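Participant: Each chain, letter by letter, is given below.
2 protein chains.
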Amino acid sequence: MPYPDEAEGFQVDGPNSYTQFHKRFFQLKPFGDYDVDVKIEACGICGSDVHTISGGWGSQKFPLCVGHEIVGTAIRVGPKVTLIKEGSRVGVGAQSYSCGECKQCKNDNETYCPVQIMDTYGAEWPETGIVSQGGYSSHVRTHEHWVFPIPDALDSVTVAPMLCAGLTAYSPLVRNGAGPGKKVGIVGLGGIGHFGVMFAKALGAEVWAISRSRAKEADALKLGADGYIATAEEGWEEPHKFSFDLIVNCANSSEGFDLARYLSMMDVHGRWISVGLPEEEGQVIKAQNLISNGVLIGASHLGSRREMLEMLQLAADKGLKGWVEEIAISEEGLKEAMLRMKKGDVHYRFTLTGYEKIFG
Amino acid sequence: MPYPDEAEGFQVDGPNSYTQFHKRFFQLKPFGDYDVDVKIEACGICGSDVHTISGGWGSQKFPLCVGHEIVGTAIRVGPKVTLIKEGSRVGVGAQSYSCGECKQCKNDNETYCPVQIMDTYGAEWPETGIVSQGGYSSHVRTHEHWVFPIPDALDSVTVAPMLCAGLTAYSPLVRNGAGPGKKVGIVGLGGIGHFGVMFAKALGAEVWAISRSRAKEADALKLGADGYIATAEEGWEEPHKFSFDLIVNCANSSEGFDLARYLSMMDVHGRWISVGLPEEEGQVIKAQNLISNGVLIGASHLGSRREMLEMLQLAADKGLKGWVEEIAISEEGLKEAMLRMKKGDVHYRFTLTGYEKIFG
Numbered sequence: 001m002p003y004p005d006e007a008e009g010f011q012v013d014g015p016n017s018y019t020q021f022h023k024r025f026f027q028l029k030p031f032g033d034y035d036v037d038v039k040i041e042a043c044g045i046c047g048s049d050v051h052t053i054s055g056g057w058g059s060q061k062f063p064l065c066v067g068h069e070i071v072g073t074a075i076r077v078g079p080k081v082t083l084i085k086e087g088s089r090v091g092v093g094a095q096s097y098s099c100g101e102c103k104q105c106k107n108d109n110e111t112y113c114p115v116q117i118m119d120t121y122g123a124e125w126p127e128t129g130i131v132s133q134g135g136y137s138s139h140v141r142t143h144e145h146w147v148f149p150i151p152d153a154l155d156s157v158t159v160a161p162m163l164c165a166g167l168t169a170y171s172p173l174v175r176n177g178a179g180p181g182k183k184v185g186i187v188g189l190g191g192i193g194h195f196g197v198m199f200a201k202a203l204g205a206e207v208w209a210i211s212r213s214r215a216k217e218a219d220a221l222k223l224g225a226d227g228y229i230a231t232a233e234e235g236w237e238e239p240h241k242f243s244f245d246l247i248v249n250c251a252n253s254s255e256g257f258d259l260a261r262y263l264s265m266m267d268v269h270g271r272w273i274s275v276g277l278p279e280e281e282g283q284v285i286k287a288q289n290l291i292s293n294g295v296l297i298g299a300s301h302l303g304s305r306r307e308m309l310e311m312l313q314l315a316a317d318k319g320l321k322g323w324v325e326e327i328a329i330s331e332e333g334l335k336e337a338m339l340r341m342k343k344g345d346v347h348y349r350f351t352l353t354g355y356e357k358i359f360g
Numbered sequence: 001m002p003y004p005d006e007a008e009g010f011q012v013d014g015p016n017s018y019t020q021f022h023k024r025f026f027q028l029k030p031f032g033d034y035d036v037d038v039k040i041e042a043c044g045i046c047g048s049d050v051h052t053i054s055g056g057w058g059s060q061k062f063p064l065c066v067g068h069e070i071v072g073t074a075i076r077v078g079p080k081v082t083l084i085k086e087g088s089r090v091g092v093g094a095q096s097y098s099c100g101e102c103k104q105c106k107n108d109n110e111t112y113c114p115v116q117i118m119d120t121y122g123a124e125w126p127e128t129g130i131v132s133q134g135g136y137s138s139h140v141r142t143h144e145h146w147v148f149p150i151p152d153a154l155d156s157v158t159v160a161p162m163l164c165a166g167l168t169a170y171s172p173l174v175r176n177g178a179g180p181g182k183k184v185g186i187v188g189l190g191g192i193g194h195f196g197v198m199f200a201k202a203l204g205a206e207v208w209a210i211s212r213s214r215a216k217e218a219d220a221l222k223l224g225a226d227g228y229i230a231t232a233e234e235g236w237e238e239p240h241k242f243s244f245d246l247i248v249n250c251a252n253s254s255e256g257f258d259l260a261r262y263l264s265m266m267d268v269h270g271r272w273i274s275v276g277l278p279e280e281e282g283q284v285i286k287a288q289n290l291i292s293n294g295v296l297i298g299a300s301h302l303g304s305r306r307e308m309l310e311m312l313q314l315a316a317d318k319g320l321k322g323w324v325e326e327i328a329i330s331e332e333g334l335k336e337a338m339l340r341m342k343k344g345d346v347h348y349r350f351t352l353t354g355y356e357k358i359f360g
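Residue numbers (my numbering), protein chains in the order written: chain A, 1 to 360; chain B, 1 to 360.
Okay, chain A solo, but in the shape it has when bound (with noise of 0.2 Å):
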């Protein structure tokens, strides 16, 4: 019985054979007075798991198994745990762990932690040794702040994504101002993308969606979308200059992306936000692209714990759903979802599902 030390799980031994992926028992680390075991019930699939074990951000710690836009049940609560209650719905997202001493942790920065930061997965745990492991498994063991109540107005399949990808989506937001009266860009409709446009509209911007096509046009509209920007189309961002408060850059690549006419469409002061991480090169910047509009850029990185709250209760209150496709989780349909995520062939996000089946 792999409760209450182990837990089982797919993994991936390393880049070279990243569609192949092999169900193991693995160590999970020790229980920890403030920690929650979870019983997986659906996980999302999100860009990080493919760049992770196919080799795109380096090297990593195999045998992996990844995953981090989880939902499940809460199994076992830790004696000093007033998070979580024993037996609630719960979902973890890409961070299981930080300091939660520093300036940084006890100011909703947790997710900047300068002291330690440990991913979901592939991060080893300083005393053991233990490397962990995500949620393409039937369980994890997080410390509570880093696990979330669930509303039960969500069904777990369509929030599983929004544990990374929509948390990814909405801290730039909330952190940069969308709201009434401000006018966003959401550029790149993926899986972050898509709830980019979602919670922005909900949080009252005047949203756009901007991708390379029009592809997507419809979508985004369905999605919130106040209006929809081609780039492939000449004069694209002339009818915008110096009109965007806020543009969250959501793209997974940044081949071929001239962010001097992106940026040309900044008011004064507006914030240009990356939260991919290509795995190209990154861009020249001069100061003098940046000097007509004094246009701010940055980067954002997760979300804290408090914006997952209330992001999970944004989508409660206005019935926000991830737009995901289903697969069972297994050999195959790993494999398959591999595949199709590397050529971007998916809308915009898929769930894994079928746990109870796989692993009781």
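These are computed hints drawn from the structure, not numbers from a lab.
Check each hint, because a few of them may be wrong.
Label-pair ranges, simulated between beta-carbon atoms [stated by the list, open to error]:
(1) K106/B / K80/A: 54 to 62 Å
(2) R212/A / D13/B: 42 to 50 Å
(3) L259/B / F257/A: 14 to 22 Å
(4) E233/A / K106/B: 30 to 38 Å
(5) L259/A / W57/B: 15 to 23 Å
(6) H347/B / F257/A: 36 to 44 Å
(7) G179/B / E326/A: 47 to 55 Å
Just so we're clear, the structure is a prediction, and the values are computed from it rather than from any experiment.
Cβ atoms here follow ideal geometry from the backbone N, Cα and C, with glycine treated the same way.
Chain A is already provided as a structure; the job is to place chain B on it using the hints.
Facilitator: Relative to chain A, chain B alone:
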């Protein structure tokens, strides 16, 4: 008699002979209802003057008289002028016109006007083709919005460089929250940077001067710095990680600049604002470099009229003065100044004086 249709000043004929100044008469734009004629008594020498006439910023309209840190007397005001009294002492900075009608102009962002920006020198007035000429001259003719009363407490020689360098440092400080409880860094202790230290301190921030060697440490402390960082020393960034709220980058060159080390000193969502416009190519910036602390990178262009008036009042209230060396305006004086500017041999600004003797 040059006035009122002409001014007399020192022009350069091109980048190949940028240290050879020729005293000539040139035409002023037609006097408008909102114009003010300023009889010049002093003018600071800005790095922009050198970049412009030596060809570092690309082609310019020659022959050209530069100079945009101008102090003098308003000797004639147009019939609709309400902001400036004839006979009063006034300043003119680097910009001399914007549309005045757009959202940006009406919102204290006139230095980012997307419709029309006229620099004090080298810009062509659309209706006449006359090219604006700067303050190495007897007079300038300027729209009242761009003419600033100088408080009596400030003397002309030391206030002159505040009209461009001072404002360039002041605007990003106030726009990005420099004040009590904030840790502010100033990179590059030149003309702009020395004002950066002075104003950041006057605004109540904890101020760190950041320079290559310790050569300017004593000056920095005298200017008001609370601390000093010498980037030639090993591990210079280590004690400051995740601590700066704002760094204003006043460096005039980006050569050998390891931006990632500077950015590692920023607190979460801290701002790195560049005000210099180096002649070199820009830097490659990857989202990965910005994500560990969610830092924002931007640039700032001059400052609004409102900020100019606030800055001059702050200087008057606190007894702040630019640190200047006087040079008598003449062919020889200007040549010497340009050669010393190119070498960076100035502490911290030149002000041209002796106008009465040369222009009568």
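Participant: Taking the hints in turn, state whether each one holds.
Facilitator: Hint by hint, here is what the structure shows:
no.	hint	result
1	K106/B / K80/A: 54 to 62 Å	56 Å, holds
2	R212/A / D13/B: 42 to 50 Å	49 Å, holds
3	L259/B / F257/A: 14 to 22 Å	20 Å, holds
4	E233/A / K106/B: 30 to 38 Å	31 Å, holds
5	L259/A / W57/B: 15 to 23 Å	21 Å, holds
6	H347/B / F257/A: 36 to 44 Å	43 Å, holds
7	G179/B / E326/A: 47 to 55 Å	52 Å, holds
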